Amino acid sequence: MMMCKEATRLMSLRLEQPLTPREKLSLRFHLAMCGACRECDKQFTLLHRAGEKVRSDMEKSDQ
Amino acid sequence: MTDDTSRDVAPGTTRMQRLSTLRPRLLSFARMHLRDNAMAEDAVQEALMAAIEKDATFAGRSGYETWVFGILKYKILDIMRHQKRQGRLQPLEDESDDDAVDRQFQLNGRWNDASRPDRWGNPDTLLDNQHFWKVFDACMVALPDKIARVFSMRELMDLSTDEICEILEIKENNCWVILHRARLRLRQCIEEGWLKGDSR
Ligand SMILES: [Zn+2]
Numbered sequence: 001m002m003m004c005k006e007a008t009r010l011m012s013l014r015l016e017q018p019l020t021p022r023e024k025l026s027l028r029f030h031l032a033m034c035g036a037c038r039e040c041d042k043q044f045t046l047l048h049r050a051g052e053k054v055r056s057d058m059e060k061s062d063q
Numbered sequence: 001m002t003d004d005t006s007r008d009v010a011p012g013t014t015r016m017q018r019l020s021t022l023r024p025r026l027l028s029f030a031r032m033h034l035r036d037n038a039m040a041e042d043a044v045q046e047a048l049m050a051a052i053e054k055d056a057t058f059a060g061r062s063g064y065e066t067w068v069f070g071i072l073k074y075k076i077l078d079i080m081r082h083q084k085r086q087g088r089l090q091p092l093e094d095e096s097d098d099d100a101v102d103r104q105f106q107l108n109g110r111w112n113d114a115s116r117p118d119r120w121g122n123p124d125t126l127l128d129n130q131h132f133w134k135v136f137d138a139c140m141v142a143l144p145d146k147i148a149r150v151f152s153m154r155e156l157m158d159l160s161t162d163e164i165c166e167i168l169e170i171k172e173n174n175c176w177v178i179l180h181r182a183r184l185r186l187r188q189c190i191e192e193g194w195l196k197g198d199s200r
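Just so you know, the protein sequences line up as chains A and B, in that order. Each residue of the first sequence is one higher than the one before, starting from 1 at the first, in full-length UniProt numbering. Each residue of the second sequence is one higher than the one before, starting from 1 at the first, in full-length UniProt numbering.
Keep in mind that the hints were calculated from the coordinates and are not lab data. Fair warning: this is a prediction, and the values are worked out from it, not measured in the lab. Hints are not guaranteed to be accurate.
[What the hints assert, rightly or not] Partial selection, computed: residues in chain B whose CB lies under 7 Å from chain A:
{"hint": "1", "residue": "Glu65"}
{"hint": "2", "residue": "Trp67"}
{"hint": "3", "residue": "Arg187"}
[What the hints assert, rightly or not] Simulated crosslink set (DSSO-like; lysine-lysine; CA at most 27 Å straight-line):
{"hint": "4", "chain 1": "B", "residue 1": "Lys146", "chain 2": "B", "residue 2": "Lys134"}
{"hint": "5", "chain 1": "A", "residue 1": "Lys53", "chain 2": "B", "residue 2": "Lys134"}
{"hint": "6", "chain 1": "A", "residue 1": "Lys5", "chain 2": "B", "residue 2": "Lys146"}
{"hint": "7", "chain 1": "A", "residue 1": "Lys42", "chain 2": "A", "residue 2": "Lys24"}
{"hint": "8", "chain 1": "B", "residue 1": "Lys171", "chain 2": "A", "residue 2": "Lys5"}
{"hint": "9", "chain 1": "A", "residue 1": "Lys53", "chain 2": "B", "residue 2": "Lys146"}
{"hint": "10", "chain 1": "B", "residue 1": "Lys54", "chain 2": "A", "residue 2": "Lys42"}
{"hint": "11", "chain 1": "A", "residue 1": "Lys42", "chain 2": "B", "residue 2": "Lys146"}
{"hint": "12", "chain 1": "A", "residue 1": "Lys24", "chain 2": "B", "residue 2": "Lys171"}
[Claimed, not checked] Now the in silico label distances, taken between C-beta atoms and shown as ranges:
{"hint": "13", "chain 1": "A", "residue 1": "Glu6", "chain 2": "B", "residue 2": "Thr13", "range": "55 to 61 Å"}
{"hint": "14", "chain 1": "B", "residue 1": "Pro144", "chain 2": "A", "residue 2": "Ser61", "range": "33 to 39 Å"}
{"hint": "15", "chain 1": "B", "residue 1": "Ser96", "chain 2": "A", "residue 2": "Pro21", "range": "42 to 48 Å"}
{"hint": "16", "chain 1": "B", "residue 1": "Ala50", "chain 2": "A", "residue 2": "Glu52", "range": "37 to 43 Å"}
{"hint": "17", "chain 1": "B", "residue 1": "Thr14", "chain 2": "A", "residue 2": "Pro21", "range": "52 to 58 Å"}
{"hint": "18", "chain 1": "A", "residue 1": "Pro21", "chain 2": "B", "residue 2": "Thr13", "range": "56 to 62 Å"}
{"hint": "19", "chain 1": "A", "residue 1": "Lys24", "chain 2": "B", "residue 2": "Trp133", "range": "19 to 25 Å"}
{"hint": "20", "chain 1": "A", "residue 1": "Glu23", "chain 2": "B", "residue 2": "Thr66", "range": "32 to 38 Å"}
{"hint": "21", "chain 1": "B", "residue 1": "Gln86", "chain 2": "A", "residue 2": "Gly35", "range": "43 to 49 Å"}
{"hint": "22", "chain 1": "B", "residue 1": "Arg110", "chain 2": "A", "residue 2": "Lys53", "range": "31 to 37 Å"}
Every residue gets a Cβ at the ideal spot worked out from N, C-alpha and C, and that includes glycine.
Make the full structure from the sequences, and use the hints.
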């Protein structure tokens with residue numbers, strides 16, 4: 001049974017490359033049962049979006 | 001592109017104005033990567049000079065700001081490669097444990113009560129909130145150098161882990177370990193500064 005720490009490793013890895021079917025399944029299973037990890041997953045996604053926003057703000061024209 | 005100075009050898013005043021408007025943003029971007037004011041100033045200065053010198057080669061295929069930003073990214077990576085060659089970066093080892101990360105979990109791998117992730121609210125609202133960005137910046141500064149470098153190359157510069165590994169000469173697995181730590185440290189730091197901070 002996968003625990004939260006390992007679940008966060010997969011959430012992070014998922015942002016870099018596709019997970020194996022087995023990893024996907026166990027992460028999905030954990031997230032279904034664990035509210036704290038669901039929040040953590042949203043937070044990782046938000047950090048990723050924050051990076052995108054930093055880039056798009058850099059490239060925005062003031063004209 | 002509304003300005004009509006693209007054929008001049010030196011950029012016209014419009015472009016010069018745009019460069020000076022852009023400068024603070026370039027500087028804060030460079031600082032996030034290089035974590036050193038003087039070095040960031042130099043990188044931005046060089047990027048601005050290159051933009052001025054190469055003004056005639058700006059073909060308007062992309063926005064002007066995007067083009068200048070691209071020059072800066074190139075300069076920053078150049079400096080990073082140089083630092084790497086000079087051995088000025090600490091080696092990026094992944095074998096040692098990261099206490100700040102371990103403290104978030106119990107020995108059995110479950111969250112510790114004190115660090116259990118909380119709800120942050122609507123992501124769009126958050127990303128438009130000045131206070132969030134202040135906390136984000138402070139938390140980036142608080143990251144250890146090597147963790148910050150990998151995270152900023154990946155998430156702020158949007159390099160692939162392949163490219164990061166090549167520049168920093170680390171293994172991809174090492175890169176993933178570091179990114180995992182960076183995300184866990186940042187999420188905790190932001191949560192403390194954001195939800196439990198005094199001002200919103
Ligand atoms: Zn969990």
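For each hint, the structure was consulted:
Against a cut-off of 7 Å between C-beta atoms, the interface hint on Glu65 of chain B holds, since the closest Cβ of chain A lies about 5 Å away. Given the 7 Å rule on beta carbons, the hint for Trp67 of chain B is violated: about 9 Å separates it from the nearest Cβ of chain A. For Arg187 of chain B, the interface hint holds, since its Cβ comes within 7 Å of a Cβ in chain A; the closest pair sits about 4 Å apart. Simply put, Lys146 of chain B and Lys134 of chain B have alpha-carbon atoms about 21 Å apart, close enough for the 27 Å limit, and the pair holds.
Proposed proximity of Lys53 of chain A and Lys134 of chain B is supported: the alpha carbons are some 14 Å apart, at most 27 Å. Of the supplied pair hints, the one linking Lys5 of chain A and Lys146 of chain B holds, its CA atoms being roughly 22 Å apart against a limit of 27 Å. In summary, the hint linking Lys42 of chain A to Lys24 of chain A is supported, as the alpha carbons are separated by about 16 Å, within the 27 Å threshold. A distance of roughly 22 Å separates the Cα atoms of Lys171 of chain B and Lys5 of chain A; the hinted pair therefore holds under the 27 Å criterion.
A hinted pair counts as satisfied when its Cα atoms are at most 27 Å apart, and Lys53 of chain A with Lys146 of chain B qualifies at roughly 23 Å. With a CA separation close to 42 Å, the supplied pair Lys54 of chain B and Lys42 of chain A exceeds the 27 Å bound. Taken as a hint, the Lys42 of chain A and Lys146 of chain B pair is honoured in the structure, with Cα atoms around 25 Å apart against an allowance of 27 Å. Restraint check: the Cα-Cα separation between Lys24 of chain A and Lys171 of chain B comes to about 23 Å, which is no more than 27 Å; the hinted pair holds.
In this structure the hint that Glu6 of chain A and Thr13 of chain B lie 55 to 61 Å apart at CB holds, the actual value being about 58 Å. In this structure the hint that Pro144 of chain B and Ser61 of chain A lie 33 to 39 Å apart at CB holds, the actual value being about 35 Å. Checked against the hint of 42 to 48 Å, the pair Ser96 of chain B and Pro21 of chain A fails, with Cβ atoms roughly 32 Å apart. Range check, Ala50 of chain B to Glu52 of chain A: about 25 Å between beta-carbon atoms, so the 37 to 43 Å window is missed.
Between Thr14 of chain B and Pro21 of chain A the C-beta distance comes to about 55 Å, which sits within the given range of 52 to 58 Å. Our hint of 56 to 62 Å for Pro21 of chain A and Thr13 of chain B holds, since their Cβ atoms are close to 59 Å apart. At roughly 33 Å, the beta carbons of Lys24 of chain A and Trp133 of chain B sit outside the given window of 19 to 25 Å. The hinted range of 32 to 38 Å is satisfied by Glu23 of chain A and Thr66 of chain B, whose Cβ atoms lie roughly 36 Å apart.
One distance hint, 43 to 49 Å for the beta-carbon pair Gln86 of chain B and Gly35 of chain A, holds here, with the actual separation near 47 Å. Remark: the range hint 31 to 37 Å for Arg110 of chain B to Lys53 of chain A is upheld by a beta-carbon distance near 32 Å.
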